[in-house]
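2 protein chains.
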Amino acid sequence: MDIKISFKVNEAVFLRDPEKSDLGRTIIKNSIDLINNLGFEAFTFKKLAIEMGTAEASIYRYFENKHRLLLYIISWYWKYMDFLLDFQLQNLTDQKIKLKTIIRLLTHELPIHTGGLDYNIKFLNQIVITESSKVYLVKEVNEINKSEVFKPYKELCAKIATVITAYNKKYAYPKSLSSTIIEAAHHQQFFSQHLPRLTDVTPKNKNEFACLFIENLVFGVLG
Amino acid sequence: MDIKISFKVNEAVFLRDPEKSDLGRTIIKNSIDLINNLGFEAFTFKKLAIEMGTAEASIYRYFENKHRLLLYIISWYWKYMDFLLDFQLQNLTDQKIKLKTIIRLLTHELPIHTGGLDYNIKFLNQIVITESSKVYLVKEVNEINKSEVFKPYKELCAKIATVITAYNKKYAYPKSLSSTIIEAAHHQQFFSQHLPRLTDVTPKNKNEFACLFIENLVFGVLG
DNA sequence: ACATTAATGATAGTAATACTATTATTTAAA
DNA sequence: TTTAAATAATAGTATTACTATCATTAATGT
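Residue numbers (the numbering used here), protein chains in the order written: chain A, 1 to 223; chain B, 1001 to 1223.
Treat the hints as calculated values from the structure; they're not laboratory data.
Treat the hints with care, as some may be off.
[Unchecked claim] Just some of the chain A residues that point at chain B, by a computed CB distance under 8 Å:
(1) Lys122
(2) Phe191
(3) Thr199
[Stated by the list, open to error] In silico DSSO-like links for lysine-lysine, alpha-carbon gap of 30 Å or less:
(4) B:Lys1047 <-> A:Lys66
(5) A:Lys159 <-> B:Lys1206
(6) B:Lys1046 <-> A:Lys154
(7) B:Lys1204 <-> A:Lys154
(8) A:Lys146 <-> B:Lys1122
(9) A:Lys169 <-> B:Lys1170
(10) A:Lys159 <-> A:Lys170
(11) B:Lys1139 <-> A:Lys29
(12) A:Lys204 <-> B:Lys1029
(13) A:Lys122 <-> B:Lys1146
(14) A:Lys134 <-> B:Lys1170
(15) B:Lys1159 <-> B:Lys1139
(16) A:Lys169 <-> B:Lys1146
(17) B:Lys1146 <-> A:Lys206
(18) B:Lys1029 <-> B:Lys1122
(19) A:Lys170 <-> A:Lys47
For every residue, glycine included, the Cβ atom is placed at its ideal position computed from N, Cα and C.
With the hints as constraints, model all of the structure from the sequences given.
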């Protein structure tokens, strides 16, 4: 069975759905590559158009601006993460194992699901670590939030919070703990890569570090 | 006694030291106001120059670009935070009270120290919450880091880590916990202001929320 | 007090960015 | 096979992110 995975991203994010045309999919694929290469600040639609051999105006038909395009990519990622989480938590009954599975997912490169997915998951992962907070850390956050485009993040957060509560019914801050571990997963990965003195990473545990730290944190708080 | 507080920010951050001239100080003061008003993305040197009634070129004599200016402001903030921390931890012996004092400082508006400080601390606080991570979440982070401009953040982190270790010698991740609570302090404040569903904030505890959550987190992990 | 240096103001200019608009051409749908 | 929709190609504008020049003002040293 050759399943094509695709996720519906909120329509408010784009002008034309990039999933529904070759050009659209090429835009997303090349954006992921180029944002990863240049960083979001230096990334422009012009450069993307040149990279793709298309016109700048074509990209503007899909996205209002590069911030929306990033929002699309990040939303897509959260939807994919949500899907993987459902998939991996399936049939698990032990809440501790569920939490460990979640933490593992949040702190590692996403497994590449055979079939579908022509996006570079390694790059996507790096983009999420470095750029994801830029989608909401903007002046217009309240305005943007009204169109519900942050829903995928909120839903993932709520889902993790449910598992937290199932593990420890008395814990008072399941959603905050959830958003904190998501963000900390990114930060600790970024710091261990670029600013290791902000962490306790060692050369030995470099890849596992964020996971170890967050597991210790979560089970420390939840008991 | 009328003490003027000032902090030496690493010289690599600026071209000309803004603390050493009226124009320089006006640049910083107005930047804080304007970044708070417009957000960092919409903030430009041109707008700042108009606001100040000076020429754009004058500002470029102090800072290479707006990223460096933000880095200056954020570095200044960390130095000020470090100073306040020393001040408030003075004479405290109970490590638990020390940690609570730290968490309180990280999650509240900084107290305005009489004398000195013509910067708007309320605004500065908001800028740190919303913009501070943008100084390191950039492609050039390794390059920038070489000039030691992130030292104030690292030193604050190390200082907090010392207290964490003093409180619990067995805890394996003092620096990561330290950077995590600093970042979480910002995120949880931002989320409770703008995206409350990512938190467990209630209308009642809105101002105290981040503090309560992080206290619970820290003493949960450290025992 | 005067000369020298340094800082600022005023103005101009350039390349790149972030778009919008127009029209011709290709592709897809009715 | 007609019609509509999507794309390519091209142009154009306002703003951004700078750099350069030169006159003026302020600060400093002797």
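Against the structure, the hints:
1. Checking Lys122 of chain A against chain B: minimum C-beta separation of about 16 Å lies over 8 Å; hint violated.
2. For Phe191 of chain A, the interface hint holds, since its Cβ comes within 8 Å of a Cβ in chain B; the closest pair sits about 6 Å apart.
3. At its closest, the beta carbon of Thr199 of chain A sits 5 Å from a beta carbon of chain B; the interface hint therefore holds under the 8 Å criterion.
4. As the CA atoms of Lys1047 of chain B and Lys66 of chain A are separated by approximately 22 Å, the hinted pair is consistent with the 30 Å bound.
5. Distance hint between Lys159 of chain A and Lys1206 of chain B is fulfilled; the C-alpha atoms sit about 23 Å from each other, no more than 30 Å.
6. Distance hint between Lys1046 of chain B and Lys154 of chain A is unfulfilled; the C-alpha atoms sit about 37 Å from each other, more than 30 Å.
7. Between Lys1204 of chain B and Lys154 of chain A, the direct Cα distance comes to roughly 22 Å. Compliance with the 30 Å bound is thereby established for this hinted pair.
8. Distance restraint check for Lys146 of chain A and Lys1122 of chain B: the Cα-Cα separation of roughly 26 Å lies within the 30 Å cut-off, and the hinted pair is therefore satisfied.
9. For the proposed pair Lys169 of chain A and Lys1170 of chain B, the alpha carbon gap of about 28 Å is at most 30 Å, so the pair holds.
10. With a CA separation close to 17 Å, the supplied pair Lys159 of chain A and Lys170 of chain A stays within the 30 Å bound.
11. The hinted pair formed by Lys1139 of chain B and Lys29 of chain A meets the criterion: a straight-line CA distance of about 20 Å does not exceed 30 Å.
12. At most 30 Å may separate the alpha-carbon atoms for a hinted pair to count; Lys204 of chain A and Lys1029 of chain B exceed this at roughly 45 Å.
13. Straight-line distance between C-alpha atoms of Lys122 of chain A and Lys1146 of chain B comes to about 26 Å, which keeps the hinted pair within the 30 Å bound.
14. Restraint check for Lys134 of chain A and Lys1170 of chain B: not satisfied, since their Cα atoms lie roughly 36 Å apart, outside the 30 Å limit.
15. Distance check on the hinted pair: Lys1159 of chain B and Lys1139 of chain B sit about 28 Å apart at the alpha-carbon level, within 30 Å; holds.
16. Restraint check: the Cα-Cα separation between Lys169 of chain A and Lys1146 of chain B comes to about 46 Å, which exceeds 30 Å; the hinted pair is violated.
17. Under the criterion of a C-alpha separation no larger than 30 Å, the hint pairing Lys1146 of chain B with Lys206 of chain A is consistent with the structure, at around 21 Å.
18. Distance restraint check for Lys1029 of chain B and Lys1122 of chain B: the Cα-Cα separation of roughly 12 Å lies within the 30 Å cut-off, and the hinted pair is therefore satisfied.
19. For the proposed pair Lys170 of chain A and Lys47 of chain A, the alpha carbon gap of about 52 Å is over 30 Å, so the pair is violated.
Checked against the numbered hints above, the structure violates hints 1, 6, 12, 14, 16 and 19; every other hint is satisfied.
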